[in-house]
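Participant: Line by line, the protein sequences give chains A and B. The first sequence begins at -19 in our numbering and counts up by one. The second sequence begins at 2 in our numbering and counts up by one.
No lab work stands behind these hints: they were computed from the structure. Where a beta carbon is used, it is the ideal one built from N, C-alpha and C, also for glycine. Heads up, a few of these hints could be off.
Here are the simulated DSS-like pairs of lysine-lysine, each with C-alpha atoms no more than 30 angstroms apart in a straight line [as the list claims (entries may be wrong)]:
#, chain 1, residue 1, chain 2, residue 2
1, A, Lys282, A, Lys293
2, A, Lys2, A, Lys243
3, B, Lys20, A, Lys2
4, B, Lys20, A, Lys(-5)
5, A, Lys243, B, Lys20
6, A, Lys(-5), A, Lys243
7, A, Lys359, A, Lys293
8, B, Lys62, B, Lys20
9, A, Lys243, A, Lys282
Computed Cβ-Cβ distance ranges for the label pairs, DEER-style [as the list claims (entries may be wrong)]:
#, chain 1, residue 1, chain 2, residue 2, range
10, A, Tyr340, B, Ala55, 49 to 57 angstroms
11, B, Asp4, A, Gly117, 53 to 61 angstroms
12, B, Ser24, A, Leu65, 34 to 42 angstroms
13, B, Ala56, A, Ala17, 27 to 35 angstroms
14, A, Ser247, B, Thr32, 30 to 38 angstroms
15, B, Gly79, A, Ala9, 25 to 33 angstroms
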Amino acid sequence: MIYLDSAATTLQKPKAVARAMKTAVNTLASPGRGGHAASMRAARAAYECRELAARLFNVPDPANVVLTSSATHGLNIAINSLAHLASRGGAALISGYEHNSVMRPLKAAGIEALVARSELFEPEGLLRAFASALDRGRIAFAVLNHVSNVFGYIQPAERIAALCRAHGVPLIIDASQSAGSVPINMLSLGAEFIAMPGHKGLYGPQGTGLLLCRGPADGVFGIMQGGTGSDSASDAMPAFLPDALEAGTHNMPGIAGLSEGIKFVLSRGETRILEHARGLTDEAARGLAELPGVRVFGGSGKNRAGVLSFRLKHTECEAAAEELSRRGFAVRAGLHCAPEAHRTAGTFETGTVRLSVSAYNTARELRALVSAVSEMARKSPRNRNNRPGAKASPQKFYIVSRPNARGSSSESR
Amino acid sequence: MLDYLLICRSVTYAQRTAKALESAGISAVVTRAPRGLSPAGCSYCVRVSGRHIAAALAAVKNAGLPPARVFIQSENGGYSPYGSAGAPSL
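Turn these sequences into a full structure, and let the hints guide you.
Facilitator: Quick look at the structure:
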């Protein structure tokens, strides 16, 4: 199988990840829950993970690295921590590429989501829409999907963060697709929270995640309460990080594995990982765009990470993914838990087929995928360009200038 | 030589404290805090040798990691607050 679904989870991990997990199962107890050797080893392992993440993301204090079970877990904490700011009619300002892990917690908290609309994959337009919404006031906090999980489009996080800082508006960054593959500097971004999974670009196991908190702890709201191994005489959660947000027993095998994944990223470097991924998706995008009846969606140049989407004109996206699966390719079709992103791109009705790469994929694998899609496109009975050697009609494979159907201004959902 | 216990509010805080001390060249060991020394409930402490206590307190102060409390462990196993009668003052 050629695995091209790393935006869901990276399947190929550094060998050290599984080794560390296996060792952890047999040697690590609960951190902060005892003074015996197995508990202290666990405490050292948890702290090492915090330190590694603090190093990778430039977090000044490892205590502000909260160990979560997923990016979704972290985003729920972040949104619920800032929800009180929206209690007097304030709204959350979001980009048009957000995932359900943002949309659903906002809805559950009864917070209005104001979408900063702009032309597709066009950073200047997004900045203008953000600035305009922030200038009008009423924004309690903002949420930004750093890299679209559907299109691989890298949003201008540094500049959005600067806008939010200038307006005194707290910012949550969803780094689900960027952590480990796009450089992130917590200190210079000044974001209130940055949430990420451990099992994607950080190459850790499923069931792990990180929430970077600007701190201090008095502004955080844990979505679980329980034992922390500290302040045990009190029936309230500790008022300090990370304990305030880490009720219950830690996933020590996961955390030990995640540390090894982060070491892999640190050793290789996010920039190198991004260049590799971008090289693969660029080549795939070019190859796919030349095929008859294939339309490619994604950012371009420096705005593209290791994800892109495409559609075959006469083949339903789930059927295309199924056919690719039969041919040995793991891709994902549908709405990718991000209906807002598909609405933004105009692909809500059809969905797309998504391919996403990791540091372990090769150019040869992507060429094989393009070749398979080419064959599928040729065999499509309704494709008018299906004869061998037929040239596709000229197509721009990046949609960079198509105005969004709903205009370029911010709009409320 | 007497040992000193720097009481910390959590195991993470104790680890940060120990790292700050090690960075300053002071040997430090994280252990569970004796129950009677942590009225808020379970907590951890960093044990340092009395030889280094002044440098240790300066190092944690510089790192912005003040301990909740400091105790001296006597040779008979008892504890007394640092700075109390009979104990050296800061």
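Participant: Would you mind marking each hint as holding or not holding in the structure?
Facilitator: For each hint, the structure was consulted:
1. For a cut-off of 30 angstroms, the pair hint linking Lys282 (chain A) to Lys293 (chain A) stands: about 28 angstroms separates their Cα positions.
2. Between Lys2 (chain A) and Lys243 (chain A), the direct Cα distance comes to roughly 17 angstroms. Compliance with the 30 angstroms bound is thereby established for this hinted pair.
3. Of the supplied pair hints, the one linking Lys20 (chain B) and Lys2 (chain A) holds, its CA atoms being roughly 27 angstroms apart against a limit of 30 angstroms.
4. At most 30 angstroms may separate the alpha-carbon atoms for a hinted pair to count; Lys20 (chain B) and Lys(-5) (chain A) meet this at roughly 29 angstroms.
5. Proximity of Lys243 (chain A) to Lys20 (chain B) is assessed by CA-CA distance (about 20 angstroms); at most 30 angstroms being required, the pair is judged to hold.
6. At most 30 angstroms may separate the alpha-carbon atoms for a hinted pair to count; Lys(-5) (chain A) and Lys243 (chain A) meet this at roughly 12 angstroms.
7. Distance restraint check for Lys359 (chain A) and Lys293 (chain A): the Cα-Cα separation of roughly 12 angstroms lies within the 30 angstroms cut-off, and the hinted pair is therefore satisfied.
8. Using a Cα cut-off of 30 angstroms, the hinted pair Lys62 (chain B) and Lys20 (chain B) holds, with the two alpha carbons roughly 13 angstroms apart.
9. Restraint check for Lys243 (chain A) and Lys282 (chain A): the C-alpha separation of about 25 angstroms stays at or below 30 angstroms, so the hint holds.
10. Here the CB-CB span from Tyr340 (chain A) to Ala55 (chain B) is close to 53 angstroms, well matched to the stated 49 to 57 angstroms.
11. In this structure, Asp4 (chain B) and Gly117 (chain A) meet the distance hint of 53 to 61 angstroms, their C-beta atoms being roughly 58 angstroms apart.
12. Range check, Ser24 (chain B) to Leu65 (chain A): about 38 angstroms between beta-carbon atoms, so the 34 to 42 angstroms window is met.
13. A beta carbon spacing of about 28 angstroms between Ala56 (chain B) and Ala17 (chain A) agrees with the range 27 to 35 angstroms that was offered as a hint.
14. With their beta carbons about 33 angstroms apart, Ser247 (chain A) and Thr32 (chain B) fall inside the hinted range of 30 to 38 angstroms.
15. The hinted range of 25 to 33 angstroms is satisfied by Gly79 (chain B) and Ala9 (chain A), whose Cβ atoms lie roughly 30 angstroms apart.
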